[in-house]
Amino acid sequence: MDRREFLKLAAITGAGLSIPNGLNTVMNTLEASEKIDLVVAHGVSPTEIIRAAIDALGRMKKFVSRGDIVVIKPNIGWDRLPEQAANTNPEVVATVVKLCYESGAKKVKVFDRPCNDPRRCYKQSGIADAATAAGAEVSYIDDRKFKDVKIPNGLAIKSWPLYTELLEADKIINVPIAKHHGLSKLTLSMKNWMGVMGGSRNKIHQRLDESLVDLATVIKPNLTILDAVRILTANGPQGGNIEDVKKLNMVIAGIDQVAIDSYGATLFGMKGSDLGYVRIADKAGLGRMDLSKLKIKRINI
Amino acid sequence: MQNLRRISQGIFLLIFLFLFLQTESKGEDELGYPVKIFLDFDPLIFFTTLFSAHAVAGAFYFSLIIIILTIIFGKVFCGWICPLGTLNNMIGYLRKKSINEASRDWYRMKYYILIFLIVSSLFTLQLVGIMDPLSLLIRSFSVSVFPLFNYSIRTVFDILYDLNIRGLVDILESLYSILKKSVLSFQQPFYYQSVFIGILFFLVLGLNLVERRFWCRYLCPLGALLGILSRYSLLKRSVSEGCTSCEACASVCQGNAAPDKRENWRNTECFYCWNCDDVCPENAVSFGFATKRAAAAMDLGRRRVIVSMLSGAGAVPLLRTAPLSRSGFSNPKLIRPPGSLEEKEFLKRCVKCGECMKVCITNGLQPTLLEAGLEGIWSPLLIPKIGYCEYRCTLCGQVCPTGAIKKLAIKEKVKVKIGLAMIDKGRCLPYAHATPCIVCEEVCPTPKKAIWFENAKVKDRDGKEFVIKQPRIDLELCIGCGICETKCPVVDMPAIYVTSIGESRSKKNQLLLS
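Respectively, the protein sequence lines represent chains A and B. By the numbering used here, the letter at position 288 of the first sequence is numbered 288, and the numbering carries on one by one without gaps. Just remember that the numbering used here sits 1000 ahead of the position in the second sequence, which is counted from 1.
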């Protein structure tokens, strides 16, 4: 036992003695301090793999503090059922809501600006019911609550109306689902932010990759959990055909959206660099796409 | 009795308004309330649909209850139940009372209207919805009154929200959210005919200022039908010897039924409102069951009846000689809701009640003006530029009272074509301007997308070659839902649009070989 190890042990023991039940917390915090970039958790229970993944990143307390107002942004874009994998898995959303409250969040808000009718999307996706049951405030987008946000270094968009409830939140957690997409090839975490764009957001498809990167310069989630419990491999982003759905029983958690999207690409047999927006974001220094340089922890439950 | 009647009117009006508000999606596949039940109880629609389409919607047997009720108790429907009658009753109070109200001798008019409607329905022309009080009321509420109400409330709250008065915002916002959950619609509805239909409706209400319950007394064809049925109703009014001919009853009579005329009282006009009984200073008026006739004979005049019948019959060929009635002639803009019957059958059933427009989740269902001919005025058509047909929504078929739009299970509905999409290459970004855009493909809801891409090599201004995805439409898969048109970024005149060709309900309006 060298000096460093001794000190570490002493610190743990000391902390452990002062907070008898906190031993695990401290252990995990210390472990996390070794800087894990991504956690890839695999298992049949979405709830368990999310808990394990967040614990591995340093527990939810690292991301959500007592009294925080947290926005959780799932993908609720389509009038589809959970098994069709067009929206974030409802159990995934509900678990993240619960974790936030366990960490002392004052309020957890869940919303999205869907493409189909919002009422059907919220209901049929199962997300409204699951998140409400977990205690979240689930609301429809209110058109009055968009505010023009400047994007100083915008490549394609210089300013765009974004949802104020997101901008005003203390903490932001992105909970997208991994899906095929006709233009961007895949929609993962960076593209999920289209759901807080106001105005005629359809126009950004003219320069989609650049626009998504522009968005990432102004929206900085504290945590991202990519839902790959089921992924949609074709006819995305809304699917509808069960044969296009693949059950992976997986979530990928981390802070760096670019890294997560880069890993997400591998689920579809692609590389991060195959995705334009990942490439540009990496180059712009918004995150890292080179998976070989990332510390990735894999958990199997 | 007067108070009892008012309570009954109030209850039915509230039920009507409650069901009206429930005619809106909450995200479930079904609405959960029998929102069209007032129409189910309407015997006028029952008869005209039976005559024009030789069909009876199952729920319409409810209207037999009204028929039986009328045969026993007289026109209690008008006096105690009808929500439009109640509204007329209420508005009537705004009229300054004049004791010697020169009531008009026009009550026969509604019978001529009824005869016209019945005879034309015998010749397959279903025009009843224009005048049927319940269709008129629901249509006017859906298309005009409710949008107006929403617009007013929303504007007030929007202005207050923008003022952002400290301390007041939270209170106002919570009040607003309560209103949104209770009486406001999910989103502000807009309709092309809101002004026209609104003016007609307010005219009907305004006529009460000319004479109380003008509509009910002189125009309402359902009132006329019930009047005929009440001709031999068992509940009769009798006036005892104590009557001093003070004519107090005449001034309070809602139906202009000449209660002061004793034996010549027009029982077919009586709403059984009991006002004459309540007001009589001698307590000489009473209602009781009797088989003896104590009322004036109904004389409509043979010539006028014949004229009404002839006009009813004549209206049929008159309306059917427009080109739209020609076999194989289709209006490309006439996109009917999914599950709609073939056009001729559709028109025989549709009563233009506006239920489908009220319930349409995207506001895309709009009342026609002349797109379906005069015969089809105010029937529903989808205008995708306003709203598309939601892939997994079946609500319009659920609320249609006459089966003009069939009730479909989701599985069947998603297979129904209501038209086909076509691309305007002169406006489409990837075609005309070599600019990427995939919105139509992205939103296309069929499990195997009806819109697919062809990778085309194009050159920019400097001659640099690159590959762009150009959307193409698989006409076998396209169901014409119109979401591509709704969401097309070329917002003023979409570069992809749906027309009625290929609609499943038509044999002739087809494009594909198979």
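Since the hints were made in silico from the structure, they are not lab data. By construction, the Cβ of each residue, glycine as well, lies at the ideal position given by its N, Cα and C atoms. Among these hints, one or two may not hold up.
What the hints assert, rightly or not - Mimicking DSS-like on lysine-lysine, the simulated pairs with C-alpha atoms at most 27 Å apart in a straight line are:
hint	chain 1	residue 1	chain 2	residue 2
1	B	Lys1457	A	Lys185
2	A	Lys203	B	Lys1457
3	B	Lys1385	B	Lys1469
4	B	Lys1508	A	Lys271
5	A	Lys109	B	Lys1507
6	A	Lys62	A	Lys203
7	A	Lys106	B	Lys1180
8	A	Lys145	B	Lys1026
9	A	Lys61	A	Lys98
10	A	Lys158	B	Lys1487
11	A	Lys98	B	Lys1333
12	B	Lys1385	A	Lys203
13	A	Lys123	B	Lys1464
14	B	Lys1406	A	Lys107
15	A	Lys150	A	Lys109
16	A	Lys247	B	Lys1411
17	A	Lys271	A	Lys297
18	B	Lys1411	A	Lys271
19	B	Lys1026	A	Lys123
20	A	Lys247	B	Lys1448
21	A	Lys203	B	Lys1487
22	A	Lys123	B	Lys1181
23	A	Lys220	A	Lys107
24	B	Lys1180	A	Lys145
25	A	Lys203	B	Lys1469
26	B	Lys1096	A	Lys123
27	A	Lys185	B	Lys1406
28	B	Lys1415	A	Lys147
29	A	Lys109	B	Lys1406
30	A	Lys145	B	Lys1464
31	A	Lys123	B	Lys1457
32	A	Lys107	B	Lys1181
33	A	Lys158	B	Lys1469
Said to hold, decoys possible - Here are the in silico distance ranges between beta carbons for each label pair:
hint	chain 1	residue 1	chain 2	residue 2	range
34	B	Lys1457	A	Glu243	27 to 33 Å
35	B	Leu1475	A	Pro152	42 to 48 Å
36	A	Gly269	B	Lys1448	16 to 22 Å
Hinted pair Lys247/A and Lys1411/B, Cα distance within 27 Å: 24 Å, holds
Is the Cα-Cα distance between Lys150/A and Lys109/A 27 Å or less? With a Cα-Cα distance of about 24 Å, the restraint between Lys150/A and Lys109/A holds, given a limit of 27 Å.
Could you grab the alpha-carbon distance between Lys1508/B and Lys271/A and see if it respects the 27 Å cut-off? Given pair Lys1508/B, Lys271/A is violated - Cα atoms ~51 Å apart, limit 27 Å.
Lys145/A paired with Lys1464/B [C-alpha distance capped at 27 Å]: 43 Å, violated
Compare the distance between the alpha carbons of Lys123/A and Lys1457/B with 27 Å, and conclude whether the hinted pair is satisfied. 42 Å, violated
Can the restraint linking Lys123/A and Lys1464/B be considered satisfied, given a maximum Cα separation of 27 Å? Violated. Lys123/A to Lys1464/B sits at ~48 Å, over the 27 Å cutoff.
Is Lys203/A close enough to Lys1457/B, meaning Cα to Cα at most 27 Å? 22 Å, holds
Can you confirm whether the C-alpha distance between Lys1411/B and Lys271/A stays at or below 27 Å? Violated, at about 38 Å.
Just to be careful, I want the Cα atoms of Lys106/A and Lys1180/B compared with a cutoff of 27 Å; is the pair within it? 25 Å, holds
Does Lys158/A pair with Lys1469/B here, judged by a C-alpha cut-off of 27 Å? Judged against 27 Å, a Cα distance of about 26 Å means the pair holds.
Falls inside 27 to 33 Å, the C-beta gap from Lys1457/B to Glu243/A? 32 Å, holds
Check the hint pairing Lys1385/B with Lys1469/B against an upper bound of 27 Å on the C-alpha distance. 24 Å, holds
Checked against the numbered hints given earlier, the structure breaks hints 4, 5, 6, 11, 13, 14, 18, 26, 27, 28, 29, 30, 31 and satisfies all the rest.
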